[in-house]
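Quick note, the sequences are listed as chains A and B, same order. Numbering of the first sequence is given in the working numbering, commencing with residue 1 and proceeding in unit increments. Numbering of the second sequence is given in the working numbering, commencing with residue 1 and proceeding in unit increments.
Check the hints yourself; a few may be wrong.
Treat identical chains as interchangeable: a pair holds within one or across any two.
Simulated pairs of lysine-lysine, BS3-like, Cα-Cα distance not exceeding 27 Å [claimed, not checked]:
(1) Lys6 <-> Lys189
(2) Lys225 <-> Lys195
(3) Lys115 <-> Lys195
(4) Lys115 <-> Lys59
None of these hints come from the bench; they were simulated from the model. Given the structure is predicted, the values throughout are model-derived calculations rather than measurements.
2 protein chains.
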Amino acid sequence: MKDVAKAAGVTTAAVSYAISGKRPISDETRKRVEQAIKELGYAPNMAARTLSSASRDSKLIGVVVPQTEGGGRLMFQNQFYSEILGSIELCARQKGYHVLISATDANESYLMLAKERNLDGIIVIGMYPDEFYQQMKKSQIPIVLIDSYCNDHYYHNVRIDDAYGSYLATRYVLENGHRDIAFFSGRIKENGVMKKRLAGYRDALLEYGVEFRDELVFEGDIDYKDGIESANRLMDSRNSVTAVVAAADILAIGAAKAFYERGVRVPDDISLMGFDDLEISQYLTPGLTTVKQEISLKGEKAVELLIRNINEPELTKQELILPVSLVERGSVKRAVPADNART
Amino acid sequence: MKDVAKAAGVTTAAVSYAISGKRPISDETRKRVEQAIKELGYAPNMAARTLSSASRDSKLIGVVVPQTEGGGRLMFQNQFYSEILGSIELCARQKGYHVLISATDANESYLMLAKERNLDGIIVIGMYPDEFYQQMKKSQIPIVLIDSYCNDHYYHNVRIDDAYGSYLATRYVLENGHRDIAFFSGRIKENGVMKKRLAGYRDALLEYGVEFRDELVFEGDIDYKDGIESANRLMDSRNSVTAVVAAADILAIGAAKAFYERGVRVPDDISLMGFDDLEISQYLTPGLTTVKQEISLKGEKAVELLIRNINEPELTKQELILPVSLVERGSVKRAVPADNART
DNA sequence: CTAGTGAATTTAATCGATTAACGTAATTTA
DNA sequence: TAAATTACGTTAATCGATTAAATTCACTAG
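Using the sequences and the accompanying hints, generate a full structural model.
As structure tokens, then:
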């Protein structure tokens, strides 16, 4: 900046004002400064800017993503997170922010990160243990939760109506004449999203006068493997079922694989319903009928909300519920009147 | 830090030395400092640390990922990038670095980012226009390229032997008796990886005395859509083909979908070979036979190399070629002797 | 007894910006 | 015309660390 100032024949203060426009600067000086900036290829040093008094912002937002090691692969837990992360990055960049990612097992070290890097705000994707949320509050910075049912009033929330989505899915399957419907889900106890989706399934059954049966609910982690696992457990059991409602596309994909391996055809022998509408889901064979949520929109809204809260610290806590809709593809078929599908 | 110093009854300099250990500090003082740090929950301010003289490092590395808008979805171009990104983040964190992501259309603004944020190094995934590499050199910071065939000696490179991988794939298909083999790829001109993969396909054909036919090469973007597109173009053409070698799993997945829609069965009517071995590939129906590359390893090696270069600025430029291997699943089948498959 | 040595601290400059406070000159207002 | 205001710049303090240089103190050696 000194060089720029010298080249423009002014002091650094004038340069700073010329850039920020926080004080009037003559057109002529401004032009000379802009000229010098261009010639010298000057880019302001964010570290200095952050450190320097008053403004205090780093234009950095942190994103916490669950990470697991799946079969030796280090990666974001699934495609779902990648999609959100992509949209967050783009949206943030358009608003002049950068994104620091931190896949995490939710240890308190993330809190230190927020302080260390002067994060302006944080977006937390997914569910974590309670203590995590307790810890995060201490940071005193704006935080937006995506897909969390943490009911702490401190946080903003962006999510969908999971129960309703699951209700839609189940109702659709019921409307297609199915009555013996299994539910594949993540860990109900730990995961509020899964709890809601189970509730939606239950509501739909109730509405159609179908008894809810505990043994038709298959829990596991939310990954391909446990989709397979659940499908195998289902097939090994004595339960005869004509349809599966999965609480996540990724589970449905795993299940489809397991059915395929055993010669059970989707949708002819068994109908399969997903949830999320990942990009891949439309390219499966058959295409996965599923509940669509606008994943990118989730990321965008979270960014917008976060930045609004950054600029408006007193903003009351918001809760954004994004729409879901059912998308029909080929994985659900009318139940045959004579219900003789042995699964 | 001042508070810590006061609490420990010393000056900030002593605290700094106690933390860094760059000067001898008495055990007693060190203990008092550590105690104070714990009590006050002190976390060093990276902005100040970065700004402050000499050390000059931000412990931040940037990752450039191609980003596209696919059908309204903002996301990382495909699952492949997500997997690498995940492994980069984890590996970097373990080594005390944080990751700043920047999906980009490769404009020069990324250069400014590097300066602004005092990035210690950058990992660039994928191929970009030449000018991008010219620009990046100016930043004068360590840069590792993943999957680039930019031959500028300024950069480190981490990649696989794409030609060999593709050769393996094609040879496998040939060994299964196929002779009319199409090749689905990305843009050959713009993308060095694709160029190499095409070369490997060509080499294998040559070795087996099969004529290379231009009309059997289908180019497009590397996404599901263009996999479908290529498959449709193939099926609409008069070419009778019994197998497809795709230069990316994502293309193979799209192709499989298109075949399915038209009632062409994989692998019975047509064999399909992928490349990359994305996580999803093993869960398709049938499982995709493909060339496996260790995607996570790519990320890890890139991080290791980058950090090594950060600590060792004079490090000569490295080129790391990671291994590939063929994984057999269900999408390739022996060609029927009487070649009557009309595709 | 005194200079020399080394360990443990402190002092103070520095990094690259921002910004309050202050100084001028030109313009407006009373 | 004097006073007040405005426009445009400069000076210098500041943010929170690091670190070269100076200082203090205890101990040893001659």
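- Sort out which numbered hints this structure fails and list those numbers smallest first. 1 and 3
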